[in-house]
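Asker: Go ahead and model the full structure; you've got the sequences and the hints to work with.
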Amino acid sequence: MIQCPRGTRDFLPDEMEKRRFYEGRLRSVAGNFGFREIETPIFEDAELFILRSGPNVLKELYAFKDKGGRDIALRPEMTAPAIRMFVNGMANEPKPIKIFYFGQCFRYERPQSGRYREFFQFGAELIGSYTPETDAEVISMAAAMIKSFGLKNYKIRIGHIGVLRQRIAEIGVPKENTAEVLQKLDKKLYEEARPLLEGMGVAAEDIDSLFELTETVGGTEVLSKVPGEAGDYLREVVSFLSAYGVDDVEIDLGVVRGLDYYTGMVFEAEAPALGAEKQICGGGSYTLSELFGGEKVFSTGFAVGFDRILLAAEKEGQAYEPKGIDAYVLSVTDDMRLKSAEIVASLRSAGISADIDIMGRKMAKALKYASAARAKYAVIVGAKEMETGSVTLRDMSSGEQKLVKAEDLPSEIAGNRF
RNA sequence: GCCGGGAUAGGCUAGCUUGGUUAGACUAGGGGACUGUGGAUCCCCUGACUCGGGUUCAAAUCUCGGUCCCGGCCCCA
0 MIQCPRGTRD FLPDEMEKRR FYEGRLRSVA GNFGFREIET PIFEDAELFI LRSGPNVLKE
60 LYAFKDKGGR DIALRPEMTA PAIRMFVNGM ANEPKPIKIF YFGQCFRYER PQSGRYREFF
120 QFGAELIGSY TPETDAEVIS MAAAMIKSFG LKNYKIRIGH IGVLRQRIAE IGVPKENTAE
180 VLQKLDKKLY EEARPLLEGM GVAAEDIDSL FELTETVGGT EVLSKVPGEA GDYLREVVSF
240 LSAYGVDDVE IDLGVVRGLD YYTGMVFEAE APALGAEKQI CGGGSYTLSE LFGGEKVFST
300 GFAVGFDRIL LAAEKEGQAY EPKGIDAYVL SVTDDMRLKS AEIVASLRSA GISADIDIMG
360 RKMAKALKYA SAARAKYAVI VGAKEMETGS VTLRDMSSGE QKLVKAEDLP SEIAGNRF
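Numbering of the first sequence is given in numbering that gives the first Met the number 0, commencing with residue 0 and proceeding in unit increments.
Treat the hints as calculated values from the structure; they're not laboratory data. Keep in mind the model is a prediction, meaning the values are calculated, not measured. Beta carbons: idealized from backbone N, C-alpha and C, even for Gly. Please note that the accuracy of each hint is not assured.
Simulated restraints on C-beta separations [what the hints assert, rightly or not]:
#1 Leu57 <-> Ser223: 38 to 44 Å
#2 Pro4 <-> Asp205: 45 to 51 Å
#3 Lys66 <-> Lys151: 38 to 44 Å
Answerer: Here you go:
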């Protein structure tokens with residue numbers, strides 16, 4: 000028997016229905032915020048992802064040569080494709096540009112809880128604007144998405160990578176070592192960071208002040224301790240968030256979000272219930288378009304780990320009940336089967352989801368199937384009723400039955416649907 | 001890439017320590033008992049030892065390796 004490749008999953012109908020349901024909520028939030036959906040290829044020129052990537056990223060890239068010898072990679076994330084698309088086809092659209100996407104991404108990693116080789120991201124990019132409102136808009140949408148899942152136990156943390164980068168440069172860390180230092184700070188590995196910094200000739204009091212900065216963690220009130228432009232900027236972001244009704248955020252200047260292209264505000268959200276892979280959302284402001292041959296344009300974006308946030312909702316005990324069909328049509332006797340077919344067709348053309356027994360089952364078994372299919376109604380087509388052009392309409396949850404004229408059946412069922 | 005735990009019908013499992021019947025039960029699925037009423041009962045049927053090598057007269061059971069799953073580390077654009 001052939002199984003799914005490592006780190007991939009099949010989604011059976013019940014699971015798929017649930018995923019579509021939650022996906023729909025995310026789409027609806029994005030639409031609510033004025034974002035419009037895009038779609039980009041699942042694979043791209045490998046160069047798109049290699050351009051700004053370190054060796055660790057490359058190790059996890061699904062890259063291969065196609066039959067024409069082109070270097071191709073399955074997308075490991077969707078920000079770069081979205082910005083490529085912006086540069087290629089949207090650069091002259093009115094600003095700001097608000098786009099979102101949903102799709103699978105691929106990373107060659109060791110699978111574990113909440114981590115798959117094929118996983119799904121829902122993300123958004125707000126392109127062409129560089130204001131505190133921009134960042135607040137994006138963060139508040141991310142918060143709305145998390146809330147749309149009904150999640151209760153989560154944390155949103157906001158930082159500013161510009162503050163850190165600037166301080167690191169000021170205290171004399173060579174540019175090529177910045178990433179290394181940021182990584183230690185992200186993990187709050189101060190015991191490792193200190194000797195590293197000392198080795199670069201950074202003074203002890205400067206190291207302390209740097210650590211103090213990354214330890215600026217807590218409610219929005221800790222922002223009063225952050226000096227300079229970045230401090231002013233974050234204070235404004237937080238004011239706008241508050242105006243948007245988003246107050247449950249924390250400040251954590253130690254949030255670094257990897258080592259890549261982020262330049263200003265960064266944020267992430269986590270669901271502690273998830274264990275090792277608990278980050279459900281991450282984003283920030285960046286400039287990327289100049290890398291792909293466009294002008295330098297400021298953007299703010301984020302992505303939600305769809306599989307993880309779904310997992311988090313499940314762990315909080317949320318259950319999704321599959322919908323089921325409106326009606327299941329069955330024949331009492333074989334000579335009613337053509338009539339049943341006519342009736343199911345009339346229901347379907349009235350927009351009612353309807354199924355019909357096609358296995359020639361006896362009533363008892365057909366009703367059992369209708370029950371398993373979660374049908375709201377069973378439509379029983381028998382000779383007795385047909386004498387008056389009627390059928391029996393059975394409410395599957397209450398068991399109540401009534402005679403309904405065949406021509407009234409669609410409106411009868413549709414009328415009770417709401 | 002590293003450490004640890006696992007894998008028996010579609011699902012959940014018994015058997016494994018101590019090798020030896022036709023690998024058992026429950027559930028699900030198909031049919032029937034019940035010739036016009038579901039989630040009940042009974043009967044019949046379908047269906048599994050993750051894969052490959054080794055030890056042995058004999059392997060689900062012992063052993064080695066692969067694959068996949070689970071938890072953690074690393075990484076996480």
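Asker: If a hint holds in the structure, say so; if it does not, say that too.
Answerer: For each hint, the structure was consulted:
1. Between Leu57 and Ser223, the C-beta spacing of about 42 Å keeps the proposed range 38 to 44 Å intact.
2. Between Pro4 and Asp205 the Cβ separation comes to about 49 Å, which falls inside the hinted range of 45 to 51 Å.
3. Roughly 50 Å separates the CB atoms of Lys66 and Lys151, a value that falls outside the hinted 38 to 44 Å.
Against the hints set out earlier in the document, a violation occurs for number 3 only.
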